[in-house]
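Given chain A, work out where chain B should sit, using these hints.
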Amino acid sequence: MKSSQRLAKEYSKIQKSDNEFNISIDSNNILNWKAILKGPDETPFKNGNFEISIKCTDQYPMKPPKVFFNTPIFHPNIHFKTGEVCLDVLKANWSPAWDIFAICRAISLLLSHPEPDSPLNCDAGNMLRAKDEMAYFSMGEMYTQMFAIKENSDKK
Amino acid sequence: MNNFSNLKLFPLLIPEDQTLTKFSGFIQIYNKSFNFRISMKNPQKISTAKIQCNKELENLLIDSKEIISKRLKESENLNSFLLEFSQIIQQKIEPVLRNEINTSFQPKNPIYFQFLFDEINEIGWEKIQLIDENLSKIQINLKDSKNRTIPIFAQIPPEFPFAKPIIEAPFPVSFENDEEMEEENQQNTRNEKITKNQNYKGSFQKVINKITREFDKYQDLWDNLDDFDSNTCVIEPENPTLLEPSRKILFGKHCSIQIVFNIKFPRSVPSIKFFGSDPIILPLKELLKKDINKWDPKNLVRKNLEEILKIEFPKKTSSSLNDFGPECGICFGYQNDGKSPDIFCSNIQCARPFHNSCLYLYLKFQSSDEFGTIYGKCPYCSHEIQTTKPIDFQEKKQD
Numbered sequence: 001m002k003s004s005q006r007l008a009k010e011y012s013k014i015q016k017s018d019n020e021f022n023i024s025i026d027s028n029n030i031l032n033w034k035a036i037l038k039g040p041d042e043t044p045f046k047n048g049n050f051e052i053s054i055k056c057t058d059q060y061p062m063k064p065p066k067v068f069f070n071t072p073i074f075h076p077n078i079h080f081k082t083g084e085v086c087l088d089v090l091k092a093n094w095s096p097a098w099d100i101f102a103i104c105r106a107i108s109l110l111l112s113h114p115e116p117d118s119p120l121n122c123d124a125g126n127m128l129r130a131k132d133e134m135a136y137f138s139m140g141e142m143y144t145q146m147f148a149i150k151e152n153s154d155k156k
Numbered sequence: 001m002n003n004f005s006n007l008k009l010f011p012l013l014i015p016e017d018q019t020l021t022k023f024s025g026f027i028q029i030y031n032k033s034f035n036f037r038i039s040m041k042n043p044q045k046i047s048t049a050k051i052q053c054n055k056e057l058e059n060l061l062i063d064s065k066e067i068i069s070k071r072l073k074e075s076e077n078l079n080s081f082l083l084e085f086s087q088i089i090q091q092k093i094e095p096v097l098r099n100e101i102n103t104s105f106q107p108k109n110p111i112y113f114q115f116l117f118d119e120i121n122e123i124g125w126e127k128i129q130l131i132d133e134n135l136s137k138i139q140i141n142l143k144d145s146k147n148r149t150i151p152i153f154a155q156i157p158p159e160f161p162f163a164k165p166i167i168e169a170p171f172p173v174s175f176e177n178d179e180e181m182e183e184e185n186q187q188n189t190r191n192e193k194i195t196k197n198q199n200y201k202g203s204f205q206k207v208i209n210k211i212t213r214e215f216d217k218y219q220d221l222w223d224n225l226d227d228f229d230s231n232t233c234v235i236e237p238e239n240p241t242l243l244e245p246s247r248k249i250l251f252g253k254h255c256s257i258q259i260v261f262n263i264k265f266p267r268s269v270p271s272i273k274f275f276g277s278d279p280i281i282l283p284l285k286e287l288l289k290k291d292i293n294k295w296d297p298k299n300l301v302r303k304n305l306e307e308i309l310k311i312e313f314p315k316k317t318s319s320s321l322n323d324f325g326p327e328c329g330i331c332f333g334y335q336n337d338g339k340s341p342d343i344f345c346s347n348i349q350c351a352r353p354f355h356n357s358c359l360y361l362y363l364k365f366q367s368s369d370e371f372g373t374i375y376g377k378c379p380y381c382s383h384e385i386q387t388t389k390p391i392d393f394q395e396k397k398q399d
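Residue numbers (full-length UniProt numbering), protein chains in the order written: chain A, 1 to 156; chain B, 1 to 399.
To be clear, the hints were calculated from the coordinates, so they are not data collected in a lab. Every residue gets a Cβ at the ideal spot worked out from N, C-alpha and C, and that includes glycine. One thing to keep in mind: the hints can contain errors.
[Said to hold, decoys possible] On the chain B side, residues computed to face chain A include the following (Cβ under 7 Å): (1) Leu288; (2) Ile292; (3) Pro326; (4) Phe332; (5) Phe365; (6) Tyr380.
Next up, chain A with everything else stripped away, as it sits in the complex (with noise of 0.2 Å):
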């Protein structure tokens, strides 16, 4: 119950803003979430549209929420084929004062800064720990033109 009543409150605090994540509850369930993040400037993903799930249990804000990509991506830590992401906030540094807004703009921000000491995919990690950024920003492209381009394109 607690759990809702949160979310219903960030949910209209979001309507508020300018909602630049596309955030949308999923199929009635307020604890279901989806976002749409834009690929940064400068990163691989670049002009891709990537969307992710954000499912609460009801004892969120206590515990994280559990977020995947529906998109696949080629990022260090976000695995390529379960979407699972890596990010600290979202496992031991969890604390309440976040919330779905700030985990959209946080993943976000990961996209533009890997982590590639603790990665995900592997290879996406080695070959940022090799500093090959050409390999690293080749393989990513073709993945985003694959899967967050093309798809869009098709709803469209």
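Only chain B this time, still in chain A's reference frame:
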């Protein structure tokens, strides 16, 4: 022949034969009647009786079978049992009936509408703010000499005009409006058939006049309340009216101050309670203690407070509420089970408010509590924060 006395109290219950061991018929509770049959082997031994009843009654009594068999054993004769029995039904049916009254429109005596209409005509339709769909609750807005609106409520019983309406003037003090109403009521019952020209005349108006006469006594209090409502950011009560003699107002960083007015002497020192982070609140408490003798009863309470505390209360603007709102930093709500946030981060830069229960629940995930106190870090600034286990904390929340 004892059994025949049943017939007086339960006229719809008829013996089936001359042995007087079997009775069938109806039992009437309020406006409902239930088909029901009772049979005994021996008219003297009520404990052997068996009861059959219709579905409706059976459903109603489904969980009172034990009581009924107990009453059967205890009762001396059929009559005393039936009295007990009807009482059991009565208890069971009351909540059901109450629901029905709430959900369905009950046809009323035409005289009800006639009198109500006359009453309202006398009060004046322009004063009626709201009439509910059953025509049983009316909100009347009264004006005082300064054109302030004071709502009062009239609850009209279905038996009106034979039963008196209940006037709720949720005033700081209660009114003795009963005397007059009582008189009216007695008159009404005496002359069972009243016509509107004779005995029944504008009891609403009388009560309203009486209440309006009292308004002058509260002018000073209302001046003060008005002053707070228009010049400060009131967070409690949520929709402040002139009827609540207290105000909780927001000032500065997540801090608030609760003022409960002295109704008789509104300009005297009210009871004051601070809510907020200690480093902000403690100096204010000191100031108040030190300079309380500077309180000038000629001034408005707000002016006195502002002068003594050397602060200016912010006006109600959305930005002040958003940035330094009084809401709990964890559940983002203000009221939680009727409680407002009562724990504040002692870091003066942060000063976030939290509900005791929210903070306890969160800290419990981080560390264990020691002797009822739990230590942890503020979710916002990581400053050390501590709380105690709320008295009414529900253990199941942790599962």
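Cross-check of the supplied hints:
1. The interface hint given for B:Leu288 is broken, as the beta carbon of that residue sits about 32 Å from the closest beta carbon of chain A, more than 7 Å.
2. Evaluation of the B:Ile292 hint against chain A yields a violated restraint, the C-beta minimum of about 38 Å exceeding 7 Å.
3. The beta carbon of B:Pro326 comes no nearer than 14 Å to any beta carbon in chain A, farther than 7 Å, and the hint placing it at the interface is violated.
4. The beta carbon of B:Phe332 is positioned within 7 Å of a beta carbon in chain A (closest approach about 5 Å), and the interface hint is therefore held.
5. Given the 7 Å rule on beta carbons, the hint for B:Phe365 holds: about 6 Å separates it from the nearest Cβ of chain A.
6. Interface restraint check: B:Tyr380 against chain A, minimum CB-CB distance 5 Å, threshold 7 Å, status holds.
In summary, the numbered hints that this structure violates are 1, 2 and 3.
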